[in-house]
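**Q** The primary structure of each chain is shown beneath.
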Amino acid sequence: MTQELTLENARTWIRGFRDVIAREAGTLTDLDSAIGDGDHGINMARGMAAVSDALTLDDATGPQANVADLLKKVGMTLVSTVGGAAGPLYGTFFLRMGTGALPESLSASDFGDALARGLDGVVARGKAELGDKTMIDALAPAVEAYRAALASGGDLASATVQAAAAAITGRDATIPLVARKGRASYLGERSAGHQDPGATSMAMLLSAAADAVA
Amino acid sequence: MKKLINSPADVVAEALQGLVAANPHLALNADHAVVYRADGPTPGKVGVICGGGSGHEPAHAGFVGLGMLDAAACGEVFTSPVPDQVVEATKRADGGAGVVHIVKNYTGDVMNFEMAAEISAAESGVEIETVLVDDDVAVQDSLWTAGRRGVGLTVLVEKIIGAAAQEGLPLADVAAAGRAVVAQGRSMGLALTPVTTPSAGKPMFELGENEIEFGVGIHGEPGRERRAHASAAELAKALALPIIEDLPFVAGDSVIALVNGMGATPLIELCLMNHELGKILAEHGITAARTLIGNYMTSLDMAGASLTLLRADAQQLAWWDAPVLTAGLRWGV
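Same order as they appear, the protein sequences are chains U and S.
With the first letter of the first sequence counted as 1, position 49 gets the number 49 in our numbering; the numbers rise by one all the way through.
With the first letter of the second sequence counted as 1, position 29 gets the number 29 in our numbering; the numbers rise by one all the way through.
Treat the hints with caution; some may be incorrect.
Among chain S residues calculated to face chain U with C-beta under 10 Å, some are [said to hold, decoys possible]: (1) Val77; (2) Thr79; (3) Tyr106; (4) Gly108; (5) Val110; (6) Asp136; (7) Arg148; (8) Ala176; (9) Met204; (10) Gly208; (11) Glu209; (12) Glu221; (13) Pro222.
Calculated Cβ distances over 12 Å to all of chain U for the following chain S residues [said to hold, decoys possible]: (14) Lys2; (15) Glu14; (16) Ala15; (17) Phe113; (18) His219; (19) Gly278; (20) Leu329.
These are computed hints drawn from the structure, not numbers from a lab.
Heads up, the beta-carbon is just placed ideally off N, CA and C, and yes, glycines get one too.
Kindly produce the complete structure, drawing on both the sequences and the hints.
**A** This is the structure in structure tokens:
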């Protein structure tokens, strides 16, 4: 049983997210071209490359921090490099996750609290609600599923797997939705039938977390 | 894709260097892609900045100079600037009397400027007023959307706010002058061809030989509908009538009109569109007190045009006529 999110787990998580974003940048851009302005993949890839440099993710001998500092640095780097709506939203998510008096490694419940803080930050920054066809549609069910898994006796690894699964379900559920936030909202009914790019990258982030603590 | 570029990643930085090299009144912070007045900031004058994604040239760096903007934060192509850039532009514009942020109403722009305003205020205590531009009548304004987009009217907001600031008005009055323009101005545009960003390398949408995208945004976002191409007279009417009805503009109104090109439409067609607009305004008893024709709020290589009308009083006309010395607009100096 995996009990704690260590610094090494966290670095693996962020590295995994960087890699999937680099691999799937084209997919994200295609989704965004359909209902947005077609830059989500390239912006996230640029941001995660900058995060990778800032945290020397490929070099374990580089300067090390604790989990809280790592999360905050991810957030600050994304805010400074991504632009668009994704920069402030992902930036706020990680900054809020890393806020507070966090221990060296995060317990399963610490990580759940951090995810919930991240969600609150995204909601406050984006002023969006569940069902608006945004990344919240993947993130909110994930936070909920994580809590439920812990409540029924799950550990960090199983709860994160549940969260990732819920994010994927939430991502898929954005397809029929009519967008009410962001550039996709300009399309009105024409936005239905397309998967939301922000929910897609958010589901990737949670899947990367599940892989990292498995 | 055939473009005069070296690498998609370097387009914005290299273009800004070229712009500043040709304009001695401009200076560039290359690290932050911020263009600012070489002689700024002006002590005691309210600073005025704008920012947004690149690809709308001459907006916004081309509007930095005497009588208009003090600084512009230039994001990646069609991507809002990040907070660091806006914080830097705010610093370059801050003459001690506060700074106005002119923000086009897009989710990303609004969030990045909001974060920047929080950071700037915390760092230096500068007082910031935000003027949000949302003039695009193609978008339904409701609680259920991100609201109307900021398009061509932004140029008029920048000019009038810039003149009010140059005149020495205090921060609250400068911001109020900007909001008055937003309240009285409306726009709508159309695309004849799609736009190709350097990074995507392919058109952002497809248009049939005889199709136009009506109500298009300035990032190639789809608009109200696809429709069949038509004569300039019909298209001018299709753009102008929703604008006139929305405010509404009424007989006796005096307006500033902008007939704006999207980047790839020749000036001769814009002049022709203005001829058609003149007839429509005359039918409605509206007088075009001032008219600006040209490519001012563009969308890279998109062909098409937008119309903007601003109901203007004597004070707004005086601010419009006030001296301006920028790369994109220059008169009275």
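**Q** Which hints from the list above does the structure break, by number from lowest to highest?
**A** The structure conflicts with hints 8, 10, 11, 17, 18, although it agrees with all the remaining ones.
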